[in-house]
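K.L.:
Given chain A's structure and the hints, the job is docking chain B onto it.
What follows is the residue order along each chain.
2 protein chains.
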Amino acid sequence: MIDQLKGSRILFAENNFDSLIDFLNDNSSSQIFVLTDENTRKHCLPLITHALKNNFTINNIEIESGEHNKKIETCIFVWNKLSEFGADKNSLLINLGGGVVTDIGGFVASTYLRGINFINIPTSLMGMVDASIGGKNGVDRDSIKNQIGLISFPLLVFIFPEFLKTLNDRNFKNGLAEIYKHGLIADKNLWNRLLLNKINRTNIKEILVSAIEIKSSIVSEDPFELGKRKILNFGHSIGHALESCLLNSEGQQLFHGEAIVAGMIMETWLSEKYCGLTPEESNEITNNLFTIFGKENFSQLDFDEFLGYLKHDKKNQHQQFNFSLLNAIGSCKWNIPVSKSDVKIVFDRYNAI
Amino acid sequence: MIDQLKGSRILFAENNFDSLIDFLNDNSSSQIFVLTDENTRKHCLPLITHALKNNFTINNIEIESGEHNKKIETCIFVWNKLSEFGADKNSLLINLGGGVVTDIGGFVASTYLRGINFINIPTSLMGMVDASIGGKNGVDRDSIKNQIGLISFPLLVFIFPEFLKTLNDRNFKNGLAEIYKHGLIADKNLWNRLLLNKINRTNIKEILVSAIEIKSSIVSEDPFELGKRKILNFGHSIGHALESCLLNSEGQQLFHGEAIVAGMIMETWLSEKYCGLTPEESNEITNNLFTIFGKENFSQLDFDEFLGYLKHDKKNQHQQFNFSLLNAIGSCKWNIPVSKSDVKIVFDRYNAI
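Same order as they appear, the protein sequences are chains A and B. All you need for my numbering is the position in the first sequence, starting with 1, plus 11. All you need for my numbering is the position in the second sequence, starting with 1, plus 11.
Next comes chain A alone, as it looks inside the complex (with noise of 0.2 Å):
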């Protein structure tokens, strides 16, 4: 166990579910639910069936996977087949998944009765650094990001990094952005280890308790975001606002990780002129970003429809924008305005390189 916060406890497995079934067997409840997508029925779902199989019964639920389905529709099929199964109060759901499922389950789990118990079994990168951690939850609403949803903790989140061996190298790299980020904001000796070893699904594991429990700690210090958790936010102000944009086009979906880089790489050079960023450090974390990340191509967007998604940023107060943004590598400060204009700076000096 790496910490304990507000009711949610964080597992790691030892490549089995021991730890898993342990817990099942101390917080008995009515029924047991394990919300997946195709992808986790198919390379995940039978690991947990038959582990769990001696003690616990369990109720698949199966939703679509991709981030177009994290919307309110998908949760209304959510609680009606959990009222279809009868489950009542006292039931459980196991999101098992990515950040889509997690998101969604934790929001539906939350809701359904006013609210059962839930545990997020993340079974990518993203997942376990970032998405199943810290109570977030909710849904997209017309290609706005999370904007339905609610901070409720999950009794449990269970990490097997087993699951890590079933992801593509572009998902890998979806959840590496966050460990980034994770030393960027916080922790200058995580940033530095990463620049020195190139990451692989076999290297990881020391890597990802750190970023885990950077994240832990700064969700205990400050569940509800009133303050500090809002580091937590670099590079989404605007990775979010790039996201919504591409959701509502045609064109190739961008991964969350994707986008965020992309936001870091702009918000490091907002750093710089709002927050006292160094240009030899900015230069560092931008060149390695792209190195490392590569870079996206955003010339077909509309910076006005980008302006439009950036001004839903939960971030923002009285209108304006509000920025959480670097001081120096590991170290972030937050509600920060940032003007229009530079937003504009620094989107065409991404675009023209």
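Heads up, none of these hints are tricks.
If several chains are the same, the list does not tell them apart, and a pair holds so long as it fits within one copy or across any two.
The list that follows gives simulated cross-link-like pairs (lysine-lysine, BS3-like), each with its CA atoms no further than 25 Å apart:
id: 1; residue 1: Lys322; residue 2: Lys355
id: 2; residue 1: Lys92; residue 2: Lys82
id: 3; residue 1: Lys82; residue 2: Lys100
id: 4; residue 1: Lys322; residue 2: Lys92
id: 5; residue 1: Lys82; residue 2: Lys326
id: 6; residue 1: Lys199; residue 2: Lys209
id: 7; residue 1: Lys53; residue 2: Lys176
id: 8; residue 1: Lys100; residue 2: Lys344
These aren't lab readings, by the way, just hints derived from the structure by calculation. It should be emphasised that the depicted structure is a prediction, and the values quoted were computed from it without experimental measurement.
P.N.:
The following block gives chain B in isolation, referenced to the frame of chain A:
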């Protein structure tokens, strides 16, 4: 101020809105929205707009009145409106209406941008003594009452008894039902006061204060309904199932209070068998409830359909009916398993009268 629980204050107005204005000044918001239905927009909103006009700008969002509109589609409409108005995380939603408005508004506010502040200004007696207090919110799903929702406390509950003058007799009696229930479950003295004098719009103020104090005190003892709060559900297991049946039918809609009076009568009979309520007190309760509220006609209801809805009661566990029942006037127990056949007996007994 009567009570303070989990961040939720209750203010009693003295025929003006001064204390509301002070509260709004102390809790500055970026924008203020008032949720109404067509009735409260017409009869109540003008008073508020007039009182606040020198200090605040208000945007009205209107939904259609009626329990059949307490559904997720109405929430989507209100989320969309908030988004169109550019509501940010620092916005405030004032729910001005009866139980439908405060239930929907509380849920929408608690889930918009993962939660914005909200204030309840109940305009019905039912709202003042029950729906607006205690943080329960939500919507019906497929005729199942409050299946989707949360427990989430308003920043303030503002009680303005003058609004009671806008209620017709049926609506007034609807709220009275919950006041009788408050007496039955927790305060024999209140029950006796209710029997001594016929309560009307002009002599209700002291009774109102007592009823609100009872509910507040039970809620603050057990805000998330892990135990004692379940006594507030006396009459509601059967009452909600009756409401659901009738919501789903073509005929006359039943008001919540009407359904729970019938529920209280049937559950009083169950209390004799399961909870040691004496036949004398049982008769005192049922005779008075029949005299004051009359008898509903459920002859068209199908018992199996009714039972289907009863299975969705939130208090049930492991597919067993769990009721809150009286052991005496003014005292209530919870988590009492009740058999299907005994539910059938009291259902038939009611209909045979």
